[in-house]
Amino acid sequence: SAVISQKPSRDICQRGTSLTIQCQVDSQVTMMFWYRQQPGQSLTLIATANQGSEATYESGFVIDKFPISRPNLTFSTLTVSNMSPEDSSIYLCSVAGLAGVRTDTQYFGPGTRLTVL
Amino acid sequence: AQKITQTQPGMFVQEKEAVTLDCTYDTSDQSYGLFWYKQPSSGEMIFLIYQGSYDEQNATEGRYSLNFQKARKSANLVISASQLGDSAMYFCAMRDPLMGGSNYKLTFGKGTLLTVNP
Numbered sequence: 163s164a165v166i167s168q169k170p171s172r173d174i175c176q177r178g179t180s181l182t183i184q185c186q187v188d189s190q191v192t193m194m195f196w197y198r199q200q201p202g203q204s205l206t207l208i209a210t211a212n213q214g215s216e217a218t219y220e221s222g223f224v225i226d227k228f229p230i231s232r233p234n235l236t237f238s239t240l241t242v243s244n245m246s247p248e249d250s251s252i253y254l255c256s257v258a259g260l261a262g263v264r265t266d267t268q269y270f271g272p273g274t275r276l277t278v279l
Numbered sequence: 041a042q043k044i045t046q047t048q049p050g051m052f053v054q055e056k057e058a059v060t061l062d063c064t065y066d067t068s069d070q071s072y073g074l075f076w077y078k079q080p081s082s083g084e085m086i087f088l089i090y091q092g093s094y095d096e097q098n099a100t101e102g103r104y105s106l107n108f109q110k111a112r113k114s115a116n117l118v119i120s121a122s123q124l125g126d127s128a129m130y131f132c133a134m135r136d137p138l139m140g141g142s143n144y145k146l147t148f149g150k151g152t153l154l155t156v157n158p
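First to last, the sequence lines map onto chains A and B.
Per my numbering, the first sequence starts with residue 163, numbered consecutively.
Per my numbering, the second sequence starts with residue 41, numbered consecutively.
For reference, chain A alone in the conformation it holds in the complex (with noise of 0.2 Å):
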């Protein structure tokens, strides 16, 4: 597997504004998501995020509320925008495609906490 961090690893964040979380990964990949884990709940696939080009979003999430970036094959950012409460989840973004793996076992990163007031 790879070592795939996320910053920052919480947050606490008043309604109204954004949020920008990063996922940094030690080799490259094929494939990056980013998952909604809202409280008690699973998870749920937000976006891929495609290497230079726009994510591919799933039905419900749109790019204006939840815009993300992947310049590289390493990096990827998701940004909350407009936070209102509900936004309060754990977001996990998650790889595929390492070398040696299996190209449809996803590895995720430790989670970004965040907390909306």
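Just so you know, the hints here were simulated from the structure itself, not pulled from any lab data.
Treat the hints with caution; some may be incorrect.
Covered stretches of chain B, as calculated for chain A (at least 3 residues, CB under 8 Å) [claimed, not checked]:
1) 55 to 66
2) 85 to 92
3) 131 to 138
4) 144 to 156
Here a beta-carbon is modelled for each residue, glycine too, at the ideal position from N, C-alpha and C.
Since chain A is already given, all that's left is putting chain B on it; use the hints.
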């Protein structure tokens, strides 16, 4: 679309005993993959084990094994010799093709909270 069902919100097990966490799935695909992840209270998701639909043997990884019953569409996780550090949420997941079909997202079940008692 794929669907994963985990019917046990919580499970308790005594230290050093074995425990089975249930997972059933629904898919129309002939080729599919099933995963189990562990999520401690810290929040990280740890990959545990994988089972492919065409794998003839049940997957094993150390103390983790997968009881794969294809006809019943079940992929139960068995943890042997439970340890206190096994206390965590456990999620069953299935790969779900993305548009274009060559890459996959994961569809997760609701999870089972396992508590290991000393």
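If you count the residues of the region 131 to 138 of chain B with a beta-carbon closer than 8 Å to a beta-carbon of chain A, do you get 3 or more?
Holds, because 3 residues of the region 131 to 138 of chain B bring their Cβ atoms closer than 8 Å to Cβ atoms of chain A.
With a Cβ-Cβ cutoff of 8 Å, does the region 85 to 92 of chain B contain at least three residues near chain A?
holds (count 4)
Cβ contact check, 8 Å cutoff: the region 144 to 156 of chain B against chain A, three residues minimum
With 7 residues in contact (Cβ-Cβ under 8 Å with chain A), the coverage given for the region 144 to 156 of chain B holds.
Chain A over the region 55 to 66 of chain B, status - at least 3 residues with CB closer than 8 Å
Since 0 is below three, the answer is violated.
Against the hints set out earlier in the document, a violation occurs for number 1 only.
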